[in-house]
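Line order of the protein sequences matches chains A and B.
All residue numbers for the first sequence refer to our numbering, where the first residue is 23 and numbers rise by one.
All residue numbers for the second sequence refer to our numbering, where the first residue is 1028 and numbers rise by one.
Check before you lean on any hint, since a few could be wrong.
[Unchecked claim] Which stretches of chain B does chain A cover? Using the computed rule of at least three CB atoms under 8 Å from a CB of chain A, they are:
| # | region |
| --- | --- |
| 1 | 1106-1119 |
| 2 | 1126-1134 |
| 3 | 1140-1153 |
| 4 | 1158-1172 |
Note that these hints are calculated values from the structure, not bench results.
Just so we're clear, the structure is a prediction, and the values are computed from it rather than from any experiment.
Think of the CB as a built atom: it goes at the ideal place given N, C-alpha and C, for glycine as much as any other residue.
Here is what each chain is made of, one letter per residue.
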Amino acid sequence: MKRLRGRMKYALVWFSAAVLALFVLLAVIAPLIVPHDPNAQNLLTRLKPPVWLHGAKAGFLLGTDNLGRDIFSRIVYGSRVSMTVGILAVCLSGAIGTLIGLLSGFYNAVDQVMMRIADIQLAFPTILLALAIVAVVGGGMNNLILVLGVTGWVPYARVVRSEVMSIRTSDFVVAAQTIGVTETRLLFRHILPNIVAPIITIATFQVASAIIAESSLSFLGLGVPVNVPSWGNMLSEGQLYLGTAWWISVFPGICIMLVVLAINILGDAVRDYMDPKTRLG
Amino acid sequence: MGGNLLEVRNLHKQFPIRAGLLRRTIGHVNAVNDVSFTLGTGETLGIVGESGCGKSTLGRMIMRVTDPTGGTIMFDGESLSELHGAKLRHARRKFQMVFQDPYASLNPKMRVEHILAEPLLVNGVMDREQARERAVRLLQRVGLRESDRLRFPHQFSGGQRQRIGIARALALSPKLIVADEAVSALDVSIQSQILNLMLDLKKEYGLSYIFISHNLAVVRHISDRVGVMYLGHLVELADKDSLYQNPLHPYTRALLSSAPVAKRGVQRDRIVLQGDVPNPANPPGGCPFHTRCPQAMDACRTVKPALRQLEPGHAVACHLY
Ligand SMILES: Nc1ncnc2c1ncn2[C@@H]1O[C@H](COP(=O)(O)OP(=O)(O)OP(=O)(O)O)[C@@H](O)[C@H]1O
Ligand code: SF4
Ligand SMILES: [Mg+2]
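Turn these sequences into a full structure, and let the hints guide you.
Here it is, written out as structure tokens:
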């Protein structure tokens, strides 16, 4: 039974890796495989359902949207935006938040300042803050990544800080001090490797919220421009047609879900791998 | 035994007690109070006392991982309490520590080889290849196999882990090792193996130990001299045999009388102490032991007895003498 569960888990991890690899591949080779220009409008092919449904039009695998654009082509192109924004924003916020958390947990003076700032920032919903910044500095994918990256540090910083505080008095950290390691090495080689698990947990959740934040901001006209297909754009555009043409928003929604799920499962696997107890035990 | 390796003078540690929303300091715990002693090269000083009497704090101050609030520590001709930053880091190679909990004292994410090579690498003592070789030799010296070098701490038993902890402490060829309850977490059968290993290493490398334990029998086994602590004070300090055969301080007597007797049939009068150990945040005036001492006199309540040498190799802080 245990063996079976182990195998299932193993298969699931590989499946997730495959899903993620597939989406990355799609994003990279998008221009080579799309059957249509993702922005080509055609009023004659408006709101066509996917090919397996009655009334479909040949050549439009997943149907068309209200402007007659090919959903499949848009999803393939949209993966570029969503994957890039999701992953890069999380790397950025994870790096910033982890660094601040490490310093806050270790140096009281840093802590006093940074936790005040975190409190202030938490008073505003991240999305509202991102919105305000984007409104000032302008939209576009690069700005979106920067803004989501810079505003998303607080959860990492909080968790890392409290982990550091509980671990910094433990014997192996004291032992590292007594053998004469520098504080930098202490933080990055002794403390950090022991707190990656919670960081990965937060990161996997944050990828999802970054992808969703992209869609919300794009919906408000503050994210990627309307002429750039993104899963977020598609999701929000399709909302009006949920009753009549569900495929416009459901397919990008499924993609978001698949990617988020795959990242979560892979995150778990990475966490297990990093823990010598589960790797070799 | 040569000259003095370590000279501790009037060492003091107060921990602030903080409370309330603003974490204001509302008082102090006197964890270590005016402790002075010396340690010769190649000597083992045992420190005994009940839980909370300040043994660990004393050891950690000597290891310079806790900052003293008063007093001086002279080590190998250098004033340790004045060293900071890079100078302190450099000096650390000469004094190392063995910890109580062999599960908590090894980084769970590091392979044994890395744990043992790291002290050598961070101090620039050797290059990577030499450090790796030395790690293997250390491993073998403490009774583990070369093939163990690539394993992680959780793959060892408690006793094996403690051997790894000892090997790490040895890596930099220190002169002093402070062992804080180094065998207390281990099975009794393993305890003597570790103690014997430590005794062998001491002879082989000319080490000095400060061996902290609440276990009188263990301290007796390994020490040359023994210091007894009560409520942050060093109340008696004597050569091992002198202390165990002729304890002078009423607290030492009580402590020894309550320890289990090794030989069956040997009868000893048990001295049962009345009352609890006073709160170290609010210590009694005069002799710290007067609230529980069966022989307390008037002077004991007001005048604090100093640690005085009564006979060669035997000092005690008590008004009876
Ligand atoms: N970091 C700290 N902050 C505040 N108080 C402390 C701290 N460390 C120790 N103390 C207090 O100092 C006193 C001495 O503690 P210490 O750990 O040195 O005792 P110990 O003799 O080692 O006890 P044990 O046998 O339980 O290890 C205790 O009252 C303890 O509560
Ligand atoms: S000084 Fe007095 S109270 Fe203290 S131990 Fe000696 S006799 Fe007892
Ligand atoms: Mg202790």
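Among all the numbered hints in the text so far, which are the ones the structure does not match? Number 4 - this is the single hint that the structure violates.
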